[in-house]
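Residue numbers (this note's numbering), protein chains in the order written: chain U, 97 to 522; chain Y, 97 to 522.
The set of hints was computed from the structure by calculation and includes no laboratory data.
Computed from a predicted model, the values in this text were never measured in an experiment.
Where hints are given, some of them may not hold.
The list cannot tell twin chains apart, which means a pair is met if one copy fits it or any two copies do.
Listed below are the simulated DSS-like cross-link pairs for lysine-lysine, each with C-alpha atoms no more than 30 Å apart in a straight line [to be verified]:
hint: 1; residue 1: Lys437; residue 2: Lys214
hint: 2; residue 1: Lys203; residue 2: Lys245
hint: 3; residue 1: Lys103; residue 2: Lys242
hint: 4; residue 1: Lys273; residue 2: Lys322
hint: 5; residue 1: Lys209; residue 2: Lys103
hint: 6; residue 1: Lys476; residue 2: Lys442
hint: 7; residue 1: Lys136; residue 2: Lys364
hint: 8; residue 1: Lys442; residue 2: Lys329
hint: 9; residue 1: Lys476; residue 2: Lys214
hint: 10; residue 1: Lys364; residue 2: Lys263
hint: 11; residue 1: Lys203; residue 2: Lys345
hint: 12; residue 1: Lys513; residue 2: Lys202
hint: 13; residue 1: Lys245; residue 2: Lys364
hint: 14; residue 1: Lys263; residue 2: Lys214
hint: 15; residue 1: Lys480; residue 2: Lys345
hint: 16; residue 1: Lys140; residue 2: Lys212
hint: 17; residue 1: Lys103; residue 2: Lys212
hint: 18; residue 1: Lys329; residue 2: Lys263
hint: 19; residue 1: Lys141; residue 2: Lys345
hint: 20; residue 1: Lys332; residue 2: Lys260
hint: 21; residue 1: Lys242; residue 2: Lys212
hint: 22; residue 1: Lys245; residue 2: Lys322
hint: 23; residue 1: Lys263; residue 2: Lys332
hint: 24; residue 1: Lys105; residue 2: Lys242
Protein chains: 2
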Amino acid sequence: MDQSDKKIKIGLIGLGTVGSGVVKVLRDFSEIEIKKIAVKNINKKRDIDNLDMSILTTDPFEIVNDPEIDIVVEVIGGVSPAYELLTTAINNGKHIVTANKELLAKKGEPLFKLGKEKNVAILYEAAIAGGIPIIMPIKTTLAGNKINKIEAILNGTTNYILSKMEKDGVSYETVLKEAQELGYAETDPTGDVEGYDAAYKIATLATIALNKRVDINKVYREGITKISANDMKFAKELGYKIKLIAMAKLFEGDKVDVRVHPMLVSVKDCLASINGVTNSVVLEGFPVGRVMMAGPGAGEFPTASSVVGDILAISKSLGSNKLLPMMECHHETNAIQIDIKNTVNKYYISITAANTPGVIGRLGEIFGRHNISLASVLQKGIDKENTAEIVVITELSNENNLNDAVSELKNTNCIVKINNIIRVME
Amino acid sequence: MDQSDKKIKIGLIGLGTVGSGVVKVLRDFSEIEIKKIAVKNINKKRDIDNLDMSILTTDPFEIVNDPEIDIVVEVIGGVSPAYELLTTAINNGKHIVTANKELLAKKGEPLFKLGKEKNVAILYEAAIAGGIPIIMPIKTTLAGNKINKIEAILNGTTNYILSKMEKDGVSYETVLKEAQELGYAETDPTGDVEGYDAAYKIATLATIALNKRVDINKVYREGITKISANDMKFAKELGYKIKLIAMAKLFEGDKVDVRVHPMLVSVKDCLASINGVTNSVVLEGFPVGRVMMAGPGAGEFPTASSVVGDILAISKSLGSNKLLPMMECHHETNAIQIDIKNTVNKYYISITAANTPGVIGRLGEIFGRHNISLASVLQKGIDKENTAEIVVITELSNENNLNDAVSELKNTNCIVKINNIIRVME
Chain U
97 MDQSDKKIKI GLIGLGTVGS GVVKVLRDFS EIEIKKIAVK NINKKRDIDN LDMSILTTDP
157 FEIVNDPEID IVVEVIGGVS PAYELLTTAI NNGKHIVTAN KELLAKKGEP LFKLGKEKNV
217 AILYEAAIAG GIPIIMPIKT TLAGNKINKI EAILNGTTNY ILSKMEKDGV SYETVLKEAQ
277 ELGYAETDPT GDVEGYDAAY KIATLATIAL NKRVDINKVY REGITKISAN DMKFAKELGY
337 KIKLIAMAKL FEGDKVDVRV HPMLVSVKDC LASINGVTNS VVLEGFPVGR VMMAGPGAGE
397 FPTASSVVGD ILAISKSLGS NKLLPMMECH HETNAIQIDI KNTVNKYYIS ITAANTPGVI
457 GRLGEIFGRH NISLASVLQK GIDKENTAEI VVITELSNEN NLNDAVSELK NTNCIVKINN
517 IIRVME
Chain Y
97 MDQSDKKIKI GLIGLGTVGS GVVKVLRDFS EIEIKKIAVK NINKKRDIDN LDMSILTTDP
157 FEIVNDPEID IVVEVIGGVS PAYELLTTAI NNGKHIVTAN KELLAKKGEP LFKLGKEKNV
217 AILYEAAIAG GIPIIMPIKT TLAGNKINKI EAILNGTTNY ILSKMEKDGV SYETVLKEAQ
277 ELGYAETDPT GDVEGYDAAY KIATLATIAL NKRVDINKVY REGITKISAN DMKFAKELGY
337 KIKLIAMAKL FEGDKVDVRV HPMLVSVKDC LASINGVTNS VVLEGFPVGR VMMAGPGAGE
397 FPTASSVVGD ILAISKSLGS NKLLPMMECH HETNAIQIDI KNTVNKYYIS ITAANTPGVI
457 GRLGEIFGRH NISLASVLQK GIDKENTAEI VVITELSNEN NLNDAVSELK NTNCIVKINN
517 IIRVME
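Please build the complete structure, drawing on both the sequences and the hints.
Pasting the structure below:
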């Protein structure tokens, strides 16, 4: 019997926001049937019209072991039990579509190895930048490129918080509270605001784009909780916005520099205009040059768009005698990841100094001794404690030298406090 | 013999800018061999190191009739002889990669029909928006979407001219001359500045995205030659930039509105920040929402990136027993295209009026009688001829009503001249 004549059968694990979106969108595709859906609580009230309750199960293993199911779609998130479920599914010859960035970052290597061994596709467009097409373009249209740099905004929650802080001139805490009330930030916001979510995503995105497996444990990560309303204000005066940037680049030829941290981004850079919960990915490579994608990074329907795109890609190729190129996932080489201490960056440094004559000269002298040139210096009014706010932006400097200079500054009499250090995008 | 064990053989028709880029980039792909290249003049000096002159031919039919060639890559442009060459190649069972937007717009229908009949792929990522991945994402990641709107900047030359006019406050003629000297505009710039190039591209892009064949002859087209330095200045004051926008949208359910013309674009819209020769495509659909892509729209290497991506996609799937989904091109339905007269738009209208009392009132009265509400009115200083420049921006209005109102204005005593009418993006 010709495979193309029968319906493709899907097993869906998870029926939260994304899962519900997938169910709704798949209704327009009569060639695809959702055979089973695994949920935690069968009786939970759900915002899905005419949901066939008979296909719900509380046992996800029923799905991964169902011989009739062709594609397992996993949208529960987290490493366990997703990992056990997907390895069982792959061992049973099922293709996988997942939106689980944490799983891919932490268990991508064994999953893709097993997938290759069993000749099944593992697609995950929804796991990185939600509705924005990025994984598939890298594997197809851009396949002739050597990509050397990715700069991206991959977390909508933090981008919302930073955009709002900048627009309204208010503190991180104020905006976080508001974002939590609006449902843009979770009650425990750690995963977003400390950069874990963006780090998971850039680890997987860099693995695909740079063609080397990136170890999530070696991805440098710094969140946005220390960004102050003052930092926002100074950045603006200097022609920058502050964004949580996920970044990966080739370094000294074959090494790889992958990290997530806040950055000052010039208002002239297209990433500076990405506001609110929008995500964006900028890729640089040869021969293409620089391309940018932007769009909704999360949400029921944008994420479902990517999940359904992956399901359709697999379903249309079922019955083909070879795995489609866009479904391959070769990156057996491990990346040599460099430590943040060995990177070279421009820095924004906000300093509170005593209002003594020659303090700027003293700063310049200390930075100079550590091989750090200053690109701009901004001194703000003197407050009632007779201190001045000084903001400097350095030229490209070695992070080790920067740390040494800052240590020395901390022990310098006229320096009251180093308020913040934020890297600056070139 | 397993097809995957032998080299894929390419025949390249055309060795201009794009062709040279393709030759250079393909050198990194040992699995692909360029067997023959058709050129006009074999002895022409070319900027390609170690080019094997023995593979050059002046007879492109040698390529399309060569039984060893798997993929024909056409980068000569124009309808003839490209059409005859590609139909011969398809009839001979060869897959096609082309960067030829004019050919696709004018002869896409018979080409894709023949391709389907002969079960060969016809890929053309490079024909629309150069290096930006757009066709493949629509066919794969976004395949679950119903796209209802495309707004795009698809011509680098005109975007360069408009960006430069805006930045430097100079006339169209001045910038065109400079662009011609820099090689950004051709000696006969008609194809770019009158919007033909953008119209070819949007016709094909809309056909794929909206899933209905768009007839290039019914695409409304208006160029940028009438945009004045004054228009730029007024637009800026009102919070807009002027861009040549290629646009396609669903209208009243199943009809399609496809056109190319200058538009005032709010500075808050992401398309307003696309400057110089960069191209950008914004897609709106369900479930994805709004996604944007931007990048280099032309040039040797960006275009070669897309051509090579298509070659790799075909070459990796050769030997598969079915055509990849991303290679299908179904759009047997013809779009019902609406006439520009039946569209609804906001308008910018620049008027020179006599400096008589009540002229603004008179304008308002005439527009009102034609069911046109004004969103803003800007009156500029009175010049020595005792006339005033008045700029109005209307609310959404029927184009027919607008034309009637403008005819009446032209016959109104106090109106000296209608300087320009430009549509405004919502």
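For each hint, the structure was consulted:
For the homomeric pair Lys437 and Lys214, neither the shortest alpha-carbon distance inside one copy (40 Å) nor that between copies (58 Å) is at most 30 Å. For a Cα distance limit of 30 Å, the shortest separation of Lys203 from Lys245 inside one copy, 24 Å, qualifies, whereas the shortest one across copies, 39 Å, does not. Only between protomers do Lys103 and Lys242 lie at most 30 Å apart by alpha-carbon distance; the minimum there is 21 Å, versus 39 Å within a single protomer. Proximity of Lys273 and Lys322 under a CA criterion of 30 Å is satisfied intra-copy only: 15 Å inside one chain copy versus 52 Å between copies.
Taking the closest pair of Cα atoms, Lys209 and Lys103 come within 30 Å of each other both inside a single copy (28 Å) and across two copies (27 Å). Proximity of Lys476 to Lys442 under the C-alpha cut-off of 30 Å is restricted to the intra-copy arrangement: shortest distance 21 Å within a copy versus 46 Å between copies. Proximity of Lys136 to Lys364 under the C-alpha cut-off of 30 Å is found in neither arrangement, the shortest distances being 47 Å within a copy and 43 Å between copies. Taking CA atoms no more than 30 Å apart as the test, Lys442 paired with Lys329 passes inside one copy only; the shortest distance there is 19 Å, against 37 Å between copies.
In the homo-oligomer, the alpha carbons of Lys476 and Lys214 never lie at most 30 Å apart, since the shortest distance is 63 Å inside one protomer and 72 Å across protomers. For the identical chains of this complex, Lys364 and Lys263 are neighbours both inside a copy (17 Å) and across copies (14 Å), given an alpha-carbon limit of 30 Å. Taking CA atoms no more than 30 Å apart as the test, Lys203 paired with Lys345 passes inside one copy only; the shortest distance there is 22 Å, against 43 Å between copies. In the homo-oligomer, the alpha carbons of Lys513 and Lys202 never lie at most 30 Å apart, since the shortest distance is 38 Å inside one protomer and 68 Å across protomers.
For the homomeric pair Lys245 and Lys364, the shortest alpha-carbon distances inside one copy (18 Å) and between copies (28 Å) are both at most 30 Å. Within a single copy, Lys263 and Lys214 get their C-alpha atoms no closer than 51 Å, and across copies no closer than 57 Å, so neither meets the 30 Å cut-off. For the homomeric pair Lys480 and Lys345, neither the shortest alpha-carbon distance inside one copy (45 Å) nor that between copies (60 Å) is at most 30 Å. Taking identical chains as interchangeable, the C-alpha atoms of Lys140 and Lys212 are never at most 30 Å apart, the minima being 37 Å within one chain and 48 Å between chains.
With identical chains, the CA atoms of Lys103 and Lys212 are at most 30 Å apart both within one copy (25 Å) and between copies (24 Å). Within a single copy, Lys329 and Lys263 get their C-alpha atoms as close as 10 Å, and across copies as close as 27 Å, so both meet the 30 Å cut-off. Within a single copy, Lys141 and Lys345 get their C-alpha atoms no closer than 46 Å, and across copies no closer than 37 Å, so neither meets the 30 Å cut-off. In this assembly of identical chains, Lys332 and Lys260 lie within 30 Å of each other by CA distance both inside one copy and across copies; the values are 13 Å within and 26 Å between.
In this homomeric assembly, Lys242 and Lys212 come within 30 Å of each other (Cα to Cα) only inside a single copy, at 23 Å, whereas the closest approach across copies is 33 Å. Within a single copy, Lys245 and Lys322 get their C-alpha atoms as close as 27 Å, which meets the 30 Å cut-off; across copies the closest is 41 Å, which misses it. In the homo-oligomer, the alpha carbons of Lys263 and Lys332 lie at most 30 Å apart both inside one protomer (10 Å) and across protomers (22 Å), since each shortest distance falls under that limit. In this assembly of identical chains, Lys105 and Lys242 lie within 30 Å of each other by CA distance solely across copies; the values are 22 Å between and 37 Å within a copy.
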